[in-house]
Every structure is written in structure tokens, then in C-alpha cells.
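Those sequence lines, one after another, are chains A and B. Under our numbering, the first residue of the first sequence is numbered 3, with each subsequent residue one higher. Under our numbering, the first residue of the second sequence is numbered 30, with each subsequent residue one higher.
Everything labelled a hint here was simulated from the structure, so no lab data went into it. It is possible that part of the hints are untrue.
Restraint ranges, calculated between C-beta atoms of paired labels, are given here [what the hints assert, rightly or not]:
1) A:347 - B:293: 22 to 30 Å
2) B:141 - A:385: 28 to 36 Å
3) B:345 - A:395: 27 to 35 Å
4) B:293 - A:348: 22 to 30 Å
5) B:291 - A:348: 27 to 35 Å
6) A:52 - B:108: 52 to 60 Å
Note that beta-carbon positions come from the ideal geometry of N, C-alpha and C, so glycine has one too.
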Amino acid sequence: MHPTDFSLRGALDALAEGIISSEELTRAHLDAIGRLNPRINAYVTVMAEQALAAARASDERRRQGIVGPLEGLPLAIKDLFCTDGVPTTAGSRILGNFVPPYESTVTANLLRDGAVFLGKVNMDEFAMGSSNTTSAFGPVENPWSRANDPDARLVPGGSSGGSAAAVAARLALGATATDTGGSIRQPAAFCGIAGIKPTYGRCSRFGIVAFASSLDQAGPVARTVEDCAILLRSMAGFDPKDATSADLPVPDFAAACTRGVKGLRIGVPKEYRLDGMPAEIEALWQQGLEWLRAEGAETVEISLPHTKYALPTYYIVAPAEASSNLARYDGVRFGLRVAEGASDLRDLYERTRAAGFGAEVKRRIMIGTYVLSAGYYDAYYLKAQKVRTLIRRDFDEAWRKVDAIVTPATPSAAFGMDEKQDDPVTMYLNDVFTVTANLAGLPGLAVPAGLDRQGLPLGLQVIGRAFDEETVFAVGAAIERAADFRAVPGLRAGA
Amino acid sequence: MSTYRIEGRTGPWELVIGLEVHAQVISNAKLFSGAATAFGAEPNTQVSFIDAGFPGMLPVINRECVAQAVRTGLGLNAQVNLWSRFDRKNYFYADLPQGYQISQYAHPIVGKGAVEIELPDGATKTIGITRLHLEQDAGKSLHDQHPTKSFIDLNRSGVALMEIVSEPDMRSPEEAGAYLTKLRQIMRYLGTCDGNMDEGSLRADVNVSVRRPGEGYRTRCEVKNVNSIRFVMQAVEAEARRQIEVWEEGGTVEQETRLFDTGRGVTRSMRSKEEAHDYRYFPEPDLPPLVLDAAWVEALRAALPELPDARRARYVRDYGLSPYDAQVLTAEKATAAYYETVAKGRDPKLAANWVMGDLFAALNRTRRTIEDPPVKAEHLGALLDLMKDGTLSGKLAKEVFEAMVDTGKSPGAIVEERGLRQVTDSGAIERAVDTVLAANADKVAEYKAGKDKLFGFFVGQVMKAMQGKGNPALVNQVLKTKLG
Numbered sequence: 003m004h005p006t007d008f009s010l011r012g013a014l015d016a017l018a019e020g021i022i023s024s025e026e027l028t029r030a031h032l033d034a035i036g037r038l039n040p041r042i043n044a045y046v047t048v049m050a051e052q053a054l055a056a057a058r059a060s061d062e063r064r065r066q067g068i069v070g071p072l073e074g075l076p077l078a079i080k081d082l083f084c085t086d087g088v089p090t091t092a093g094s095r096i097l098g099n100f101v102p103p104y105e106s107t108v109t110a111n112l113l114r115d116g117a118v119f120l121g122k123v124n125m126d127e128f129a130m131g132s133s134n135t136t137s138a139f140g141p142v143e144n145p146w147s148r149a150n151d152p153d154a155r156l157v158p159g160g161s162s163g164g165s166a167a168a169v170a171a172r173l174a175l176g177a178t179a180t181d182t183g184g185s186i187r188q189p190a191a192f193c194g195i196a197g198i199k200p201t202y203g204r205c206s207r208f209g210i211v212a213f214a215s216s217l218d219q220a221g222p223v224a225r226t227v228e229d230c231a232i233l234l235r236s237m238a239g240f241d242p243k244d245a246t247s248a249d250l251p252v253p254d255f256a257a258a259c260t261r262g263v264k265g266l267r268i269g270v271p272k273e274y275r276l277d278g279m280p281a282e283i284e285a286l287w288q289q290g291l292e293w294l295r296a297e298g299a300e301t302v303e304i305s306l307p308h309t310k311y312a313l314p315t316y317y318i319v320a321p322a323e324a325s326s327n328l329a330r331y332d333g334v335r336f337g338l339r340v341a342e343g344a345s346d347l348r349d350l351y352e353r354t355r356a357a358g359f360g361a362e363v364k365r366r367i368m369i370g371t372y373v374l375s376a377g378y379y380d381a382y383y384l385k386a387q388k389v390r391t392l393i394r395r396d397f398d399e400a401w402r403k404v405d406a407i408v409t410p411a412t413p414s415a416a417f418g419m420d421e422k423q424d425d426p427v428t429m430y431l432n433d434v435f436t437v438t439a440n441l442a443g444l445p446g447l448a449v450p451a452g453l454d455r456q457g458l459p460l461g462l463q464v465i466g467r468a469f470d471e472e473t474v475f476a477v478g479a480a481i482e483r484a485a486d487f488r489a490v491p492g493l494r495a496g497a
Numbered sequence: 030m031s032t033y034r035i036e037g038r039t040g041p042w043e044l045v046i047g048l049e050v051h052a053q054v055i056s057n058a059k060l061f062s063g064a065a066t067a068f069g070a071e072p073n074t075q076v077s078f079i080d081a082g083f084p085g086m087l088p089v090i091n092r093e094c095v096a097q098a099v100r101t102g103l104g105l106n107a108q109v110n111l112w113s114r115f116d117r118k119n120y121f122y123a124d125l126p127q128g129y130q131i132s133q134y135a136h137p138i139v140g141k142g143a144v145e146i147e148l149p150d151g152a153t154k155t156i157g158i159t160r161l162h163l164e165q166d167a168g169k170s171l172h173d174q175h176p177t178k179s180f181i182d183l184n185r186s187g188v189a190l191m192e193i194v195s196e197p198d199m200r201s202p203e204e205a206g207a208y209l210t211k212l213r214q215i216m217r218y219l220g221t222c223d224g225n226m227d228e229g230s231l232r233a234d235v236n237v238s239v240r241r242p243g244e245g246y247r248t249r250c251e252v253k254n255v256n257s258i259r260f261v262m263q264a265v266e267a268e269a270r271r272q273i274e275v276w277e278e279g280g281t282v283e284q285e286t287r288l289f290d291t292g293r294g295v296t297r298s299m300r301s302k303e304e305a306h307d308y309r310y311f312p313e314p315d316l317p318p319l320v321l322d323a324a325w326v327e328a329l330r331a332a333l334p335e336l337p338d339a340r341r342a343r344y345v346r347d348y349g350l351s352p353y354d355a356q357v358l359t360a361e362k363a364t365a366a367y368y369e370t371v372a373k374g375r376d377p378k379l380a381a382n383w384v385m386g387d388l389f390a391a392l393n394r395t396r397r398t399i400e401d402p403p404v405k406a407e408h409l410g411a412l413l414d415l416m417k418d419g420t421l422s423g424k425l426a427k428e429v430f431e432a433m434v435d436t437g438k439s440p441g442a443i444v445e446e447r448g449l450r451q452v453t454d455s456g457a458i459e460r461a462v463d464t465v466l467a468a469n470a471d472k473v474a475e476y477k478a479g480k481d482k483l484f485g486f487f488v489g490q491v492m493k494a495m496q497g498k499g500n501p502a503l504v505n506q507v508l509k510t511k512l513g
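Just chain A, same shape as in the assembly (with noise of 0.2 Å):
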């Protein structure tokens, strides 16, 4: 078996028993980035030197007996994740030559329990896309390809698309990402792997560059729900640099995995069921439902009925906080600064945010400038505000009914590198079965459950009470046992 085969999970094992050294794991890992990376773009800074220094540290705590929840696993970090001395760019030019002197609080956290950083992953800029094409430095090649098409390239979603790309083709055991409409999700059904957002909340956003604050939340992307659950363990918990950190205690997630389903009652939303979605994706759901039943849950009918006015919704609150948050690249601190040329302030702010910004950026800086405009933004961001609280009523209302909510992860497998990029709005219907959760604060899991008739993996979204990720992981793991997923990507180390 390759090194870069092994689960988090069965890596923590291996390295317990002595049977790999965090430098072997690392080297591997490093290895294959080398052979894979050009080709898949998942990496935009590949931090070889720290991450055999951290390795060997590592080792070297092992041997004194201080071994941390995550000793010596090589992990990928978004590249929106800042990290001390280490280039932080959003996937944005106006972040080119970005180093933060300080680390983000979900990276320290996991720094705190033993991880080594391979490198910091690509992702479309500033976490808008569905697809890590918008990216500065380039897309991401999902490593998954069409039995009938393999020269097709395909995209890995978004917008933590180099995060699930890194994991499912084996460079990284495991990957830090973001989620604030469905960009952890989305990627992981695309590319064949788990990823989850928690509750909004559970982990601190100090340090993650912002999209939009309301809706933003980190969580990890990894091979199996368990090692999900190892990952947002470490990732979780309180902040008190982050007022919307929730100061709760954070459970033994991968405890939950192996509590069966037994008793609970499954909600199936009917507004989920989209005209013109892949038959496939209907039979899937279909069958992980039935597999929850076999396995003793029950499955219950529900109504979300505010469900159509989500996406909507959503693209109006995420744009309208993304044109404030985005405020701040102006060329006068850090960051890109195009002065040349320019005559005045205001040219200075032009010039550099002009150069800076790519064009999913700026429409979405211009959308949401608009929505929050004297005279729109009682048409357009109160009125979005509102419908977000029936959206959260919507749940609130299901969850006396039912303990978790299961739903396709995305619309479509993944899509070739060439199609949806020419009209922005069927690019946006992506997040069609995600954006609910991130409107009302709820934690979802994608857990990939089958292949569709390309041979592309398909995933089942799980949907849980807010700060109930335990129950998410449990009908997660369900799925996950139930669909025996070892479907393999083409492009991966090892192979």
C-alpha cells in the first residue's frame, strides 16, 4: 500500500504502531505533489521544507511521548486560511504577495494537536465559484475523469476546489476549506470525498480572509466521514477573537460515526426535488434513503417551502457582505498597489482594484454595492433578509418532525473545465442544495454515495440541528458504510 493511500484515520494508526514516520508520510505526500501538481493545480504554495522541519519535529514529540490528536498528519490549508510567515492569497491577485504575520485560529488549532502543512491549496478567488475557475493562478483539475470522455477535464467544484482535488488525488490526507454556500460540499461530491460544514459558529472565522461574514464557516475535506469528524474536532471551539464563535464545548465527532441511525427520523424535503435533475441523482437519493431504512431509520416527507427563494436570497446577502468585506484591498497596506499612473486617491483605489480583481469578484462587488444602494436595499437586502428568517423558520418547523434532513449534494456531477462559464446564473444554480444550510446556520455533510453512468462520483448531503454535528455524522457514516464507496480517481499518487 502507498503512503498516500492510508485514511487520516489509518495514518494516525500506522504512525502509532511505528509503522511510518511523520517524515516518511510527509515525504510521500510531498512526492506526489511533485508528480501530480502540475497537472492538477490544487497547490499554490507548496511549503516542502516547513512541512519535513514539522514532520520531523513531529517524530521527534512521538518519540518523547507527547502525541497530539493530529501528530504528524500532512494536511492541505485552503489558501484563505492565513498562516504565519506562509503566503496568503485568497486565490486573488490583489493578494499576490500576501503574508500575513499571524496565524488564522482554525490553523493554529490544528498546529496545536500535531499537524504539518504540506501547502496552501487553490480555490476560486475569494471563495466565489463553483467551479475554481476563477481563481488567479490558475483551475484546478478535478482528478476524476468520464469513462467515455477521459480527455475531458473536468472541475473539481468550488470554491474549495484544490482542497477536495489535493485529497481525492491523494496530496493530503486531509484539507482544511470553507464553506459559505456550499463551496466544502459541492467540491467533495465532485471530486468523491467527505467534506463538512459544521454549524455556524463552531469554528472561529479569525484569520480566514472573508467572503461573507454571516454565511462563512470552516470545516475539512477528507476521504471518509470519520476522518471528517477527527479533522473538525481539532478545527473547533470556542474563540474569543470571533464574537459569533459559539462558546460551546465541542464533542468526539468520530465517536458519533459509529452510532448507527437506529430510531431516527429522516427528512426528505420535497422542494429538493428540481425539474430536469439527472435521474440518477433522484435514484441515488432514493437509495441512501433506503439504505437509512435498513438500517432502522425512518424516513418522513418534510416541506421547506421557502426552499426556492434560497438561492435568490443568497445572492444577494453573500454579495452584499462580500462588497463590504472586500473594501479593504485598496493597494494602501498590504497587497497588490497599482500606483503607477495614478493621479489621485480615488485613481490609486481604480487602477489597483481594477488589476487586482477578477471577474466574478467584481460582479459580485457590483451586485452586492447595488442590493445595499439607497433606494434597492429595502427591495433587495431587507427583503433577502427576511425570507433568510423563513428559510431558518423552514427548519425550525422541520426539526420538530424529524433529526436530520438528507438531500443530494449537488445538481449535476462534475461538469468539463469549458462548460456553465459563460452565464453566471446556471454557474450559481450549483449551490442550489447547499445555500439553505448556510442561510440558517446549519451544519451539512456530503458524503459521497455512488457513480453516475460517466463513472464521476455522486453525493448525499446530510442536514442537521444547528450545533447537532453529531447526529450529521452518525446518518453520514450510515451512508457512507451502507455505499461501500472505493471508486478511485484516474489522477492520483500511487496510482
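Could you slot chain B onto chain A? The hints should help.
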């Protein structure tokens, strides 16, 4: 009712004035970061990554700043809102690192209140407070450091401000001045704002309109960032006169933001309504609503110091001072504290006379402040005691006081050193009287012949002979006896 009017060509005009005051909160750390707030530090030395708007930084509310806003609200007799919320006010400027200011737009921490102002003629008037909200200050742009570049100092970026908005209740420059004076006084008593207008910790935006007496409101203009009480009064008048001229020439006053040119004493346009920013306010998603515990607010209320109005009333009631003296002595918390130390267990009116007379004169002369006076309050009290027990005459006391100003020593020490103790020994006085009468036999004869006025001459001669130390009452008494 104010009868202040500006007489125009076409008749009298009434002024309508409201103030938006920005008061820097006294706190060790900034509103949303742990960076220090001391004035006068080297540029960009009190800046956290939060204040500089770095990626991934998040605001966390400073509890002490919230307490200061609540104290101020309570001091303004205002409603404290147990639920308030922060909003973002979006605009681009080089000294605004985040590209937005975190403020409270829709739901301020303090609602309606009122302050009573005192006018020079002794009348009082109530000015309504519309609201008080918390917000962060911007940094400072320095445009005079380089021929083509502006420098940015972010020390002030993120410092907590209270914006206190009044109702348009003022009707004259004097009322505007009295209101700002009172606001400053209350905050200084509370210890919530130092009120240093020179250092920019208190600034006012002045809203002015004019109207015919009895008419509804006309269009107002806002004069931004006026930084002294005197300038506020001047700006009100200058702006009112400008508007009157516009109206009287058949024009229309346009709503706009103006600046007061202190050199020329006129206001000039900064930006028109059309150029006004669209601030795109929306709820600050990085901060949950600010929810206060009612018991916490009550604890702050219970711990409030005595405020100027209450203290002034007490001086009139308990000390028997005139309203004017009471107002002078309570204008500054430090003055009142000084006075109370002097007055404690002594004649309060005598204490007031000494503080307002000799001490204030000494402060002026020595350019010292009441916080750092040349004569300690305890020493001035001791001086009053020496007068009361007869050790010092009034005249000697003045002399001792001057020595206290010069040396900082206690009156007891000065009396001992200089032998200024008043002589009450009747034997010594009799000897001095005898000597004087013997040396002025002719004057004694004239006195006895009916020239009563010479009595003062004898007193003067005796005091002179005793180097001023004779007890005046005793000298009088002995003289009267000897002269028959």
C-alpha cells in the same frame, strides 16, 4: 423662550441649531481591538492588525467602552437600550482601513435624554438628546508631510467614539455654546471623555437653519468638525448670516455639508447633497447584537458620581452659596473637589471666597491648573483655621497665602519661619500703644479735642510698630481705653 434674533434686511430671523458631538471615550483599549489609545504617541505605534483592516481580522467589543457609553447615557438622563446593534457605514478613504466604519445606525445603545443648560443671564433651558451611539474613529491623514503624498497615521483608527445627537432645540450661538459646555462638563464628571477639544477628543458637527419666528423648519446645513466651543458659536452665527443672505436675496438654501474657516470666520461648501456619500449601511455581520443585562446597567447607575446639576444644587442648599458661586465652583469636577476639601468643617462662604478669589488669581498668575495647584486644598483649609483661631489676621493671611503660592509650604510652617504669628498678648500691645501715644502727644491732644478721625492713624502706627502682627481687635480695644 429665547428671543435671540438676527435682524436681516427684510426682518428678524430665528436660528434653529442642533449638534452632533463626537466624544472620544476614555478607555485603555480601542472599541474593537486591544491596541492602546494614548494621545500623542509616535504615528502608527498603537495599531493592531484589526485597526489596520488586515485580512481575516475580526472586531470584538470592548466591555469598558460599552460601560462608558452607558454611564454617559445615564448622565444625560437618557434611555439605555438593552438591545442595540452595530452597522457598517461603507466609504472609501485612505485613513479608513476596513473601507467601512463600524457604527450604530438603526439601533443605538442610548435613546432619548435631556440636559439642562445655564445661560449667561442665569436662565436655564432643557435641550433634548436624540440618541447616543458607539462607533469607531478613523485614522488621520497627514497632507503636509510630502509634496505629492499623504501620510496615514492609524493610531486613532478604531478608538471608541460616542456620537451624541441633540434635538434641534437651540436658538442662539450662546445656547449652542452652553450646551456643548454642559455636555463636556457632564462627561468630564463621569470620566467618560476628557473633553480636550485641542486634541480632537471632542468635536462637533453643527446643524443650522434659520426661519421667520413662528415658522416651520427650513433647510439646514451641517458645519463639520468644529473643534472649540468658541468656534461653534462663531460657526453658528456665520452660517446663520450666510443663510439669511441667501433667503433674503430670493435664493434657496441647499442642504449640504460645510466647513468653518476659522481664519476668515465664514463657512464654505464641502460637498452638496448630490455629492453626499451613499454609505450603504447594513448590520455588521461580525458582531452579534449588543445585549445588556439590566442589573449591570443598574450597577453602573448606582456607581455614578454626583453630577454637576446635583452638586450645584447641593452647594446652594447646604453651603448657602449663591447660584453663581455654586456654578463656578462646580464647573470642573477638580474645582469642586478642591473647594469641598477647603470647605469641610469650615465656613463654606469664606472657603468659596478664598477659592474663587485668591486661589483662582494664583492659578492664573502661575499658569497652573486646579489639578496641579500651587497651594494644596488642605493647606488653604489650614490657613482658614489659623484665621479662625486668631493666629492670623486677614491681612497676615493674605501674606501667608502668597508665601504658600511661592513655596508650596503649609501655612503653619510659614507662620513659624517668618514669625508672622499675630500678637494677642495684651501686655505687648499696651506697651506698643503707650510708646505710640507718647511719641505723638500732639496728635493725642488733637484727638481729645474732637478730631476722631485720628483714631485710624493711631491704629496704623501701633500696627506698624508691631510689624503688622498685632491683633487688630485688641489694638482697637487698648487704644480706645487709653485714649479715654
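To see whether the hints hold, each was checked on the structure:
{"no.": "1", "hint": "A:347 - B:293: 22 to 30 Å", "result": "holds, 27 Å"}
{"no.": "2", "hint": "B:141 - A:385: 28 to 36 Å", "result": "holds, 30 Å"}
{"no.": "3", "hint": "B:345 - A:395: 27 to 35 Å", "result": "violated, 60 Å"}
{"no.": "4", "hint": "B:293 - A:348: 22 to 30 Å", "result": "holds, 29 Å"}
{"no.": "5", "hint": "B:291 - A:348: 27 to 35 Å", "result": "holds, 28 Å"}
{"no.": "6", "hint": "A:52 - B:108: 52 to 60 Å", "result": "holds, 56 Å"}
Of the numbered hints listed earlier, the single one contradicted by the structure is hint 3.
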